[in-house]
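Number of protein chains: 4
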Amino acid sequence: MDFNEKQIQILKVAEKLFAEIGFDGTSVRHIAKEADVNVAMISYYFGSKEKLLEALLLYRVADFKMELETVMVQNLPHVEKLDALVSLMVNRIHRNRRTHKIINYEYTNTCRQIDFDAYVEQKRDSLGIIEAFVKDGQNKGVFKTDVHTKLLGATVIGTYFQVYNNKPFYKKLLELDSDEAFENYMLTSLTQHIQQTIKSLLLNEK
Amino acid sequence: MDFNEKQIQILKVAEKLFAEIGFDGTSVRHIAKEADVNVAMISYYFGSKEKLLEALLLYRVADFKMELETVMVQNLPHVEKLDALVSLMVNRIHRNRRTHKIINYEYTNTCRQIDFDAYVEQKRDSLGIIEAFVKDGQNKGVFKTDVHTKLLGATVIGTYFQVYNNKPFYKKLLELDSDEAFENYMLTSLTQHIQQTIKSLLLNEK
Amino acid sequence: MDFNEKQIQILKVAEKLFAEIGFDGTSVRHIAKEADVNVAMISYYFGSKEKLLEALLLYRVADFKMELETVMVQNLPHVEKLDALVSLMVNRIHRNRRTHKIINYEYTNTCRQIDFDAYVEQKRDSLGIIEAFVKDGQNKGVFKTDVHTKLLGATVIGTYFQVYNNKPFYKKLLELDSDEAFENYMLTSLTQHIQQTIKSLLLNEK
Amino acid sequence: MDFNEKQIQILKVAEKLFAEIGFDGTSVRHIAKEADVNVAMISYYFGSKEKLLEALLLYRVADFKMELETVMVQNLPHVEKLDALVSLMVNRIHRNRRTHKIINYEYTNTCRQIDFDAYVEQKRDSLGIIEAFVKDGQNKGVFKTDVHTKLLGATVIGTYFQVYNNKPFYKKLLELDSDEAFENYMLTSLTQHIQQTIKSLLLNEK
DNA sequence: CATGAATGAGCATTCATTCAT
DNA sequence: GATGAATGAATGCTCATTCAT
Chain A
1 MDFNEKQIQI LKVAEKLFAE IGFDGTSVRH IAKEADVNVA MISYYFGSKE KLLEALLLYR
61 VADFKMELET VMVQNLPHVE KLDALVSLMV NRIHRNRRTH KIINYEYTNT CRQIDFDAYV
121 EQKRDSLGII EAFVKDGQNK GVFKTDVHTK LLGATVIGTY FQVYNNKPFY KKLLELDSDE
181 AFENYMLTSL TQHIQQTIKS LLLNEK
Chain B
1 MDFNEKQIQI LKVAEKLFAE IGFDGTSVRH IAKEADVNVA MISYYFGSKE KLLEALLLYR
61 VADFKMELET VMVQNLPHVE KLDALVSLMV NRIHRNRRTH KIINYEYTNT CRQIDFDAYV
121 EQKRDSLGII EAFVKDGQNK GVFKTDVHTK LLGATVIGTY FQVYNNKPFY KKLLELDSDE
181 AFENYMLTSL TQHIQQTIKS LLLNEK
Chain C
1 MDFNEKQIQI LKVAEKLFAE IGFDGTSVRH IAKEADVNVA MISYYFGSKE KLLEALLLYR
61 VADFKMELET VMVQNLPHVE KLDALVSLMV NRIHRNRRTH KIINYEYTNT CRQIDFDAYV
121 EQKRDSLGII EAFVKDGQNK GVFKTDVHTK LLGATVIGTY FQVYNNKPFY KKLLELDSDE
181 AFENYMLTSL TQHIQQTIKS LLLNEK
Chain D
1 MDFNEKQIQI LKVAEKLFAE IGFDGTSVRH IAKEADVNVA MISYYFGSKE KLLEALLLYR
61 VADFKMELET VMVQNLPHVE KLDALVSLMV NRIHRNRRTH KIINYEYTNT CRQIDFDAYV
121 EQKRDSLGII EAFVKDGQNK GVFKTDVHTK LLGATVIGTY FQVYNNKPFY KKLLELDSDE
181 AFENYMLTSL TQHIQQTIKS LLLNEK
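Line order of the protein sequences matches chains A, B, C and D. Position one of the first sequence corresponds to residue 1 (the UniProt record's numbering), numbered consecutively onward. Position one of the second sequence corresponds to residue 1 (the UniProt record's numbering), numbered consecutively onward. Position one of the third sequence corresponds to residue 1 (the UniProt record's numbering), numbered consecutively onward. Position one of the fourth sequence corresponds to residue 1 (the UniProt record's numbering), numbered consecutively onward.
Since the hints were derived computationally from the structure, they do not count as laboratory data. Nothing here was measured: the structure is a model prediction, and the numbers come from that model. Don't take every hint at face value.
Treat identical chains as interchangeable: a pair holds within one or across any two.
Said to hold, decoys possible - No farther apart than 20 Å at their CA atoms in a straight line, the calculated lysine to aspartate or glutamate pairs in the EDC-like style are these:
id: 1; residue 1: K172; residue 2: D125
id: 2; residue 1: K12; residue 2: D2
id: 3; residue 1: K172; residue 2: E131
id: 4; residue 1: K172; residue 2: E121
With the hints as constraints, model all of the structure from the sequences given.
As structure tokens, then:
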């Protein structure tokens with residue numbers, strides 16, 4: 001988790017290429033060329049292409065938990081905290097969308113010898129925090145109880161990725177002319193939609 | 001769209017392997033071996049590995065629209081029809097989950113020379129039908145109007161895939177011991193969750 | 001040597017493609033497609049790709065000798081007969097230039113299992129006839145004696161092919177705008193050049 | 001044009017095999033085996049099989065012009081210079097006969113994506129020098145004027161290759177028992193024949 | 001007699017990785 | 001510590017040919 005400048009350079013290029021053309025589709029030569037380093041560098045620094053992906057996971061996934069906790073400790077009404085939580089999740093996923101896209105595809109690939117423990121742990125912790133928060137809200141009568149609490153995260157992240165993974169389709173459907181407009185939509189309207197979705201599920205009508 | 005027995009055999013094996021170990025990760029030799037056909041067969045039948053994927057898209061994606069319409073024409077109250085619609089979508093996606101997983105990953109890969117027109121068209125049509133149904137419900141005062149109608153599909157399918165793509169994680173989280181239990185959960189509890197999610201978003205309180 | 005219509009069709013296409021893109025470079029599929037016959041047809045009719053080439057040799061090379069003899073029996077002065085002979089050789093080679101180009105390349109290929117006997121026999125006979133004619137002229141004092149008689153044929157045919165094999169180069173060098181202009185040049189100016197060359201070698205000054 | 005030892009080793013083996021069994025007929029595996037290098041080496045060093053051929057052209061064809069000029073600047077009578085010129089051409093062609101044989105076959109193959117510019121330029125320059133020399137001799141009244149000057153080179157090289165390309169035939173015809181005898185004949189009697197041919201064409205009788 | 005389907009062998013190339021320097 | 005050179009293995013694909021019909 002202590003990467004030098006060149007290693008970070010490689011990690012960033014790898015993240016981009018893995019997300020764009022897939023892990024298998026990306027050759028270490030391509031990464032090396034784009035990162036302007038020697039081909040042997042990657043094996044030398046990370047051990048192997050698979051270990052490079054593992055390093056990327058550690059690099060990107062590591063500090064997710066803490067951010068969540070900073071929201072949780074804030075003294076806010078449940079509803080507002082819920083919005084903040086969803087917003088944070090979307091923002092965080094959006095920032096690391098490339099790495100998460102790779103994970104979404106590679107995690108179930110049993111042939112691969114990649115250690116996803118860091119990812120799983122982070123996911124477990126995050127969902128745990130959310131679950132606790134929802135439970136608390138339910139206990140306080142703010143949130144409904146007849147919901148699949150464990151699936152809330154899936155709806156948040158799933159909605160995001162369904163749009164992100166079909167970017168060309170949604171750009172056309174939503175009449176977003178540029179990548180910037182799409183990006184902006186993800187962080188505003190889409191986020192609102194997800195917040196609204198989660199609130200609809202959890203909140204009792206006044 | 002007129003595939004003989006051996007072609008279908010190849011398509012099914014390809015679908016499985018593409019979904020499990022990725023398009024790039026799957027070699028035609030692997031497909032050939034698993035499908036118990038000669039390697040040259042694949043080029044002979046489909047032209048190339050990429051064309052094989054295109055054939056798979058046509059094979060799997062083709063008849064989606066009609067199913068939706070059979071639900072739409074039924075004379076049901078809006079709420080029940082909404083549930084039926086979501087159920088159909090999840091069922092359909094579940095049946096072709098492997099192909100859709102490949103699409104989710106490959107669709108944005110611009111390096112690939114694959115014709116996704118059939119997929120895009122199907123997606124557009126499906127979302128169009130749903131949108132029209134929602135509009136109708138809104139006009140009749142059954143559905144809320146302050147929703148991102150165009151994003152409803154993303155929430156349905158996205159939630160499904162977020163769970164499916166993290167199967168080992170959710171199996172553990174949801175304490176599902178076997179693949180059958182997981183499969184069953186997807187078609188019952190998860191479907192319910194998605195139905196509930198969409199209904200929460202759309203329905204005015206009674 | 002008794003080829004039916006379809007076989008001749010195949011032979012002609014094969015001759016064209018072999019000359020244009022080489023024997024190895026031409027696939028039987030390509031020939032079959034161009035000749036509008038089934039792929040299996042070629043093996044079926046000729047036995048193999050190599051046997052197809054052999055058949056082509058027989059088809060094209062077979063009747064060369066007789067034409068030479070029709071010139072030889074004419075009652076002409078030696079000089080005129082020499083011109084007629086060269087002209088006939090060039091014309092004949094030109095007509096079958098494609099097959100002869102293949103031979104020029106493949107004859108020394110020892111890996112190939114092709115029977116060039118017909119070609120060799122024809123070549124031997126032709127050169128024999130020419131040699132006899134030159135000998136006769138020498139005996140009669142019309143032709144010089146200090147010439148390498150056995151090499152005369154090589155100069156005739158070699159000059160032709162050196163131009164033919166470098167067609168794009170010579171088209172530019174000789175400012176021949178079209179294939180027709182080049183073709184015409186081969187049968188007029190180039191033929192004259194070769195006639196002049198041979199006459200210079202053989203004839204005593206008047 | 002700066003090849004290391006191993007690259008030259010590959011080039012020489014490739015030249016031999018290309019000439020013997022053709023460009024298409026020669027596999028990179030065959031070259032690699034014969035040159036005792038790894039198969040990947042060829043792509044690694046030259047990029048591709050076609051680029052290997054291009055490298056061969058550059059390697060062999062590069063310094064032709066200069067040699068011609070060294071003859072031209074010599075202070076010799078036109079007749080002797082003519083002999084020296086032909087002798088040099090034959091020698092040079094003989095030394096690079098393998099590469100030139102490949103060129104003779106591949107140059108007109110339009111399917112191939114090979115850059116023959118170096119060859120064409122060299123050929124143009126060589127013929128240019130010869131043409132200038134002949135013009136000079138014509139101006140000085142030493143050479144005849146009614147000759148196709150631009151075709152002289154074709155006769156020189158064409159005659160050589162017609163014999164070389166039919167080596168087995170001419171070995172038998174000329175009763176040359178060994179390869180050495182054939183080789184020797186090419187550089188003595190055949191060269192004389194070509195010199196005599198060109199002189200007959202150009203020189204006025206005394 | 002003719003052919004579509006099928007195949008094993010071979011193709012050029014690219015791969016991630018290693019290793020001597 | 002860093003790297004250019006090198007490699008065995010694997011890639012997708014095309015080949016000439018065979019064979020059941």
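Cross-check of the supplied hints:
no.: 1; hint: K172 to D125; in the structure: between (36 Å within a copy, 14 Å between copies)
no.: 2; hint: K12 to D2; in the structure: within (15 Å within a copy, 37 Å between copies)
no.: 3; hint: K172 to E131; in the structure: between (36 Å within a copy, 16 Å between copies)
no.: 4; hint: K172 to E121; in the structure: between (37 Å within a copy, 12 Å between copies)
Hint violations for this structure: none, all hints satisfied.
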